Amino acid sequence: MQTPQKIAVVGSGLVGTLLAIYLKKQGHTVHVYDRSPDIRTVEFSGRSINLVMSNRGWKAMEDVGLDDEIRKIGIPVDKRAIHLKDGKLNYQYYGKDGEAIFSLSRGVLNRRMIDLAEDEGVAFFFDHKIWDVTLATATLHIGETEQGAWTELHYDKVFGADGAFSRIRHRMQRQSMFDYSQEFMKIGYKELHIPANPDGTHKIDKNSLHIWPRGNFMLMALANLDGTFTCTLFMPFEGENSFEQLKDEATLVGFFAEYFPDTAAVIPDLVKDFFKNPTSYLAIMKCFPWTFEDKVALIGDSAHAIVPFYGHGMNAGFEDITILNQMMEKYGDDWKTIFKEYQISRKPNADAIAELSLRNFIEMSTKTADEKFLLQKKIEKWFSDKHPDKWLPLYSRVTFSLHPYSEALALGDFQNKIMEEVMQIPDIEEKWNSEEVENKIIDLLK
2 MQTPQKIAVV GSGLVGTLLA IYLKKQGHTV HVYDRSPDIR TVEFSGRSIN LVMSNRGWKA
62 MEDVGLDDEI RKIGIPVDKR AIHLKDGKLN YQYYGKDGEA IFSLSRGVLN RRMIDLAEDE
122 GVAFFFDHKI WDVTLATATL HIGETEQGAW TELHYDKVFG ADGAFSRIRH RMQRQSMFDY
182 SQEFMKIGYK ELHIPANPDG THKIDKNSLH IWPRGNFMLM ALANLDGTFT CTLFMPFEGE
242 NSFEQLKDEA TLVGFFAEYF PDTAAVIPDL VKDFFKNPTS YLAIMKCFPW TFEDKVALIG
302 DSAHAIVPFY GHGMNAGFED ITILNQMMEK YGDDWKTIFK EYQISRKPNA DAIAELSLRN
362 FIEMSTKTAD EKFLLQKKIE KWFSDKHPDK WLPLYSRVTF SLHPYSEALA LGDFQNKIME
422 EVMQIPDIEE KWNSEEVENK IIDLLK
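Numbering (our numbering), first residue to last: 2 to 447.
Treat the hints as calculated values from the structure; they're not laboratory data. Treat each hint with caution, since some may be false.
The list that follows gives simulated cross-link-like pairs (lysine-lysine, BS3-like), each with its CA atoms no further than 30 Å apart [said to hold, decoys possible]:
#1 LYS337 / LYS296
#2 LYS97 / LYS80
#3 LYS368 / LYS296
#4 LYS387 / LYS60
#5 LYS187 / LYS447
#6 LYS204 / LYS89
Cβ-Cβ distance ranges computed for the label pairs, FRET-style [to be verified]:
#7 LYS97 / ILE143: 47 to 53 Å
#8 GLY240 / SER182: 21 to 27 Å
#9 ALA150 / PRO77: 49 to 55 Å
#10 LYS97 / GLU439: 16 to 22 Å
#11 ASP68 / GLY240: 49 to 55 Å
#12 PHE374 / PHE238: 23 to 29 Å
#13 GLY66 / GLN246: 48 to 54 Å
#14 GLN327 / GLU44: 18 to 24 Å
#15 ASN434 / PHE238: 41 to 47 Å
#16 VAL272 / GLN327: 45 to 51 Å
#17 GLU437 / GLU121: 37 to 43 Å
#18 THR280 / GLN183: 17 to 23 Å
#19 LYS7 / ALA266: 18 to 24 Å
#20 GLU239 / ALA124: 41 to 47 Å
Owing to the predicted nature of the structure, the values given are computational and were not obtained by experimental measurement. Built from N, CA and C at the ideal position, the CB exists for glycine as well.
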């Protein structure tokens with residue numbers, strides 16, 4: 002236990018709420034501020050991409066005893082279901098038998114997390130707009146408007162968990178020697194919806210991540226507990242096969258009939274959802290440093306916003322908390338060292354998962370429709386099952402292990418070079434699981 006302090010967390014999203022639980026368990030007084038209303042009192046806005054919890058997220062949950070509670074609101078997903086344009090359906094299993102990610106509704110999870118944080122004694126202040134922070138004194142400035150009168154709120158520490166457009170980071174950016182970059186993708190997304198069957202069951206396999214890969218655009222679907230699926234259409238804002246082209250009902254219906262014909266039976270409210278829900282943006286945000294002395298720290302998306310194609314935005318944010326907590330346990334009340342070691346440990350790994358997530362869009366939208374790519378993954382899984390000490394596939398290293406993201410990126414590149422050679426073996430389709438292929442991989446690993 003640390004010496005109790007008065008700590009503010011700005012942002013009541015998933016990372017901010019879990020962080021508040023950790024800090025409270027360390028004996029601190031914790032206040033969480035959010036400019037939005039209490040999510041438990043409002044309907045979600047049609048901007049959601051379902052979350053997937055993997056080992057890094059579960060580790061953060063287990064360390065504070067919340068994993069069993071959260072598993073109750075998730076659905077295990079052990080494979081991709083790849084819907085090809087010709088109607089063929091391919092399955093690609095993720096890891097070893099029994100390994101699965103968990104599909105979670107963002108709204109359901111966030112509401113449950115706030116309940117659990119309040120049970121621990123964390124105080125939440127919704128509809129409270131934080132406009133600025135005085136870094137040297139960990140003082141928050143709150144008011145109704147940015148130009149109006151502000152009130153000062155004094156704390157020992159402030160954590161910015163207020164997302165990609167963080168007000169806390171905004172203040173930190175005005176320091177000298179603060180690096181910051183923000184890149185918007187040319188691809189946006191729109192939420193769609195598959196309703197449940199009349200008896201409450203799912204219309205398609207609930208234990209798969211459904212992907213309709215179509216090159217520079219794709220559709221995804223993940224199951225919810227109530228029998229529905231949250232679908233996400235990713236596509237360019239402009240140009241061929243883009244949001245700008247889908248301006249009227251006839252064009253939209255025709256587009257889906259051509260590219261996603263098997264969805265006609267399961268997305269009955271396509272037109273209504275498409276024109277009601279906003280088209281949202283995707284951004285990659287990087288910065289450094291993440292901390293100011295022993296007073297202020299950024300965590301989660303406020304420090305490293307990434308794109309969602311590896312399903313690791315939440316998991317990476319939760320792993321921030323795991324590492325921060327390890328530093329708190331190690332260094333006690335030496336917050337300067339805690340903050341310094343936390344950001345040194347996390348920064349290269351945050352950059353690595355940002356790169357991996359960007360690459361995974363190409364894998365999901367294009368490569369999953371390629372028979373050669375699917376064969377490569379099949380060979381990797383076969384070799385890994387035979388030689389688990391020699392080969393852990395990249396996806397498993399990222400998702401089903403706690404190995405650093407930076408290590409996963411480097412080893413993934415090395416493994417891919419090996420597989421490029423293996424895939425050149427004549428008649429690889431016939432002899433993919435032969436002794437020749439096995440020995441070739443072992444030789445290339447030396």
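We went through each hint and held it up to the structure:
1. With a C-alpha separation of about 8 Å, the suggested pairing of LYS337 with LYS296 holds against the 30 Å cut-off.
2. Distance restraint check for LYS97 and LYS80: the Cα-Cα separation of roughly 11 Å lies within the 30 Å cut-off, and the hinted pair is therefore satisfied.
3. Between LYS368 and LYS296, the direct Cα distance comes to roughly 46 Å. Violation of the 30 Å bound is thereby established for this hinted pair.
4. Using a Cα cut-off of 30 Å, the hinted pair LYS387 and LYS60 holds, with the two alpha carbons roughly 27 Å apart.
5. Distance hint between LYS187 and LYS447 is unfulfilled; the C-alpha atoms sit about 41 Å from each other, more than 30 Å.
6. Among the hinted pairs, LYS204 with LYS89 is consistent with the structure: their alpha-carbon atoms are about 17 Å apart, no more than 30 Å.
7. At about 50 Å, the beta-carbon gap between LYS97 and ILE143 stays in the expected band of 47 to 53 Å.
8. Checked against the hint of 21 to 27 Å, the C-beta distance between GLY240 and SER182 comes to roughly 25 Å, which is consistent with it.
9. Restraint check, ALA150 to PRO77: a C-beta distance of roughly 51 Å satisfies the suggested window 49 to 55 Å.
10. Restraint check, LYS97 to GLU439: a C-beta distance of roughly 18 Å satisfies the suggested window 16 to 22 Å.
11. One distance hint, 49 to 55 Å for the beta-carbon pair ASP68 and GLY240, is violated here, with the actual separation near 44 Å.
12. Between PHE374 and PHE238, the C-beta spacing of about 27 Å keeps the proposed range 23 to 29 Å intact.
13. Between GLY66 and GLN246 the Cβ separation comes to about 50 Å, which falls inside the hinted range of 48 to 54 Å.
14. The hinted range of 18 to 24 Å is not satisfied by GLN327 and GLU44, whose Cβ atoms lie roughly 38 Å apart.
15. The given range of 41 to 47 Å is respected by ASN434 and PHE238, whose C-beta atoms sit roughly 43 Å from each other.
16. In this structure the supplied range 45 to 51 Å holds for VAL272 paired with GLN327, their Cβ-Cβ distance being about 50 Å.
17. At about 58 Å, the beta-carbon gap between GLU437 and GLU121 misses the expected band of 37 to 43 Å.
18. A beta carbon spacing of about 19 Å between THR280 and GLN183 agrees with the range 17 to 23 Å that was offered as a hint.
19. At roughly 56 Å, the beta carbons of LYS7 and ALA266 sit outside the given window of 18 to 24 Å.
20. At about 46 Å, the CB distance of GLU239 to ALA124 agrees with the hint of 41 to 47 Å.
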